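Spelled out, the chains give:
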Amino acid sequence: MDTIGQIFTFNNMRFILEGLGLTLYISAVAILLSMIFGTVLAIFRNMEKGPLKLLATIYIEVVRNVPNLLWIFVIFLVFRLKSTPAGIVSFTVFTTAALAEIIRGGLNSVGTGQIEAATSQGFNQIQVMRYIILPQAFRSMLPAIMSQFVTVIKDTSFLWSVLALQELLGKANILMGRYTATSQVFALYGIVAIVYFIVNFTISQYARRLSKKWSKAY
Amino acid sequence: MLVGFISFLNTGPFALFRWEALFKDLPVFMKSFGYTIVLSIGAILLAFIIGLLFGIVSQAKNPVTRGLVRIYVEFFQNTPLLIQVFFVYYGLPLVGVVMPVYLIGIICVGLYHGAYISEVVRSGIGSIPRGQLEAAMSQGFTYWKAMGYVVLPQAWRVMLPPLTNQAVNLIKNTSVIAIISGADIMFTANSWSSVNLHYIPAFAFAAILYFILCFPLASVARKLEEKNKKLYSK
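Going line by line, the protein sequences match chains S and H. No gaps in the numbering here: position 135 of the first sequence is 737 in our numbering, and each next residue is one more. No gaps in the numbering here: position 80 of the second sequence is 459 in our numbering, and each next residue is one more.
The following block holds chain H by itself, in its conformation from the complex (with noise of 0.2 Å):
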């Protein structure tokens, strides 16, 4: 048994000189840790920017915009993020387009989750008694006064908890651009692999840096969810 266990450690895909080697290269992985951190940060900001925008505009009167955001959604939530990732990284430059790739990342994975950040928005708006939005526009509030004033801090309750779990979606799905070659964690991990063989190590230990990065957030979104409930039981 003994001698199972150290043949084990010297062999085999967990053998400890793979580890080893993860370790010594531990800075190529932290680089990819940032790369995948920038990437996110641009990517939710400028999926809260469309979402925030767009699910505004969605509860608007105005039937031509509401169409118009209407099939923006319906697009990007119903089509898979990898065609609107090749696309732009295949198709466009066809077209004389060319864009680096981390641009690329928070551009698609910004628009894809921008549709479904306006969704939370809408129904966060939705939530808040139309009344007080009719309210505030008697007293003299544009529409867009009425909502940052009146409405969406109320809404904003309602809001955190989804938008907190589309923050933990989006962290995960730029992964995506490892396929075209964005230097993030996936990609770190599947290329440093491929040369060395050690896949355990360099997966498990990517792994690690993701759930660093997702568990905290999805255990806030969680928390808060379990304290809107109560809040609307009593």
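Same shape as in the complex, but just chain S (with noise of 0.2 Å):
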């Protein structure tokens, strides 16, 4: 006999949980990384004009604009990386370009005039950046960087299917290979839905606080 039941066990979830982890670990990494790449990108493309502003300009819209289950395609099978590896630098190709699109709009938001000021006390352009325009620019950010990081979150499910790497979705498929049934294989997917889910929302009701905070602040 069949049943729910036998999908509850001990091993079974921490089975699941392990799939989280690997799931966490490399959006978390993956969201770092990009983080930094992004940030210096997005310094690059905000220069009057150069060399560095163009290359900043094509990696950000050439990524952006193919989707991200193709650089997982192309770092998997052309670069030939191990899986977890090919998982982490491949949402950072794609993250760094909608990252540093993020962080260009924040370091924008901070006004001219504040640079000018900074400027006139005597700041030179690493302290304007480090003590004027980052913690501001942060502020305005972090809310789409959360949400980015959801996206990435979800988006990792694309690894199972791509690189047999075992994180979440990866690990409710191998135990859909043994537990067949019909509520069996809707209760595992159910389960995995609102694991994805529990994270997931708590992350985007953060970020909407953080920024209903913030926006009260200014």
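Some hints could be false.
[Stated by the list, open to error] One-sided excerpt, in silico: chain S residues whose CB lies under 8 Å from chain H: (1) Leu-671; (2) Val-752; (3) Leu-771; (4) Ser-806.
Note that these hints are calculated values from the structure, not bench results. It should be emphasised that the depicted structure is a prediction, and the values quoted were computed from it without experimental measurement. Positions of the beta carbon are idealized from the N, C-alpha and C atoms, including for glycine.
Got two chains here, each in a separate frame; can you build the complex from them with the hints?
Structure, rendered in structure tokens:
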């Protein structure tokens, strides 16, 4: 007799949560790396002119206007990386471009008057960036960065299908090989959907709360 | 150096003969291009209808429908599209619901982005002072007519840039259909190159095709955004 109850064993739950761990690990590393590279690209693209601006613009536009899934295929098939590094690299490649635009928007939201004021007080360019622009820009872009984080967590579900990486959805698919009754398959989809939902909903609610609190502060 | 360059063109992943093979099979790729376009248009239509309807409902007074829309939006925004696709493709046939892949693509991608578009519409309507709606209703407009004739035409300008961005994201997300073997650009690039190993031409060409679809839209969205910003900062 195949029942839903058979799924809810300690081992199965641990198996699924291990998948969640890998999903979060890949997403977190990718988003952190993307924030670093994204900031660099955003600063390059904000330059008046020059080859760096051109390079940053081309990178951002090309990567952003092609599906994330394609970058996963490319990194995996062309560069032949192992599955976990391939996952991290492909998400970093794509998310860097997305974050660069978010960060650029944040940097540009700081009024030029403030930059001029700081410069007139003897701040050099790096100090202006560090003490005037970045703290304010960070507030205006953090909600968007967090919703990008949610997007990355959701999209890492592609990794099972392309790289056979055992992230959250992958673990569910493996379990479905063992628990094949209709009710069990539905329950597994339900469990995984709920796990994704709890994680992502928490993050997006937190982002919403932050942006409300900060919009009041101004 | 010259020898190195020639051997680069003759062997290796970038070799010329691989590109030749690509151009020989160009019709295959063009067909998949059409598949992605049709899929995108279907999904965009569905997403816009759902988004407009639910966006308007979520600004209405009725707490039950508002709550239902909220649940729909939060569920689809916070769970991966691929789970929804898998559920419809692998799960539903177990209870006798079998759909062709392109229909699954239109429904899943449409429902997923409908949630995002409904949020765009909701905040677009929210940007128009509530007094406008009340004034129109006091003149005898019904809620829906007041929305259609008074509020939405004004909210349209605020909504257009994020709607265009949603269309770009939607086109990119139609590529998940490749995972359940829909004959779109991504699937064709992957299956064609897994036979002959011409990965680089295949994925480069796929990237170009997606870029052709997405870049113009993304540029329009940015222009509109900048125009709006100037308009409102005056």
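Hints, one by one, checked against the model:
1. Leu-671: With a closest approach of 5 Å, the S:Leu-671 hint holds.
2. Val-752: Given a least distance of 7 Å, the restraint on S:Val-752 holds.
3. Leu-771: holds (6 Å)
4. Ser-806: holds (6 Å)
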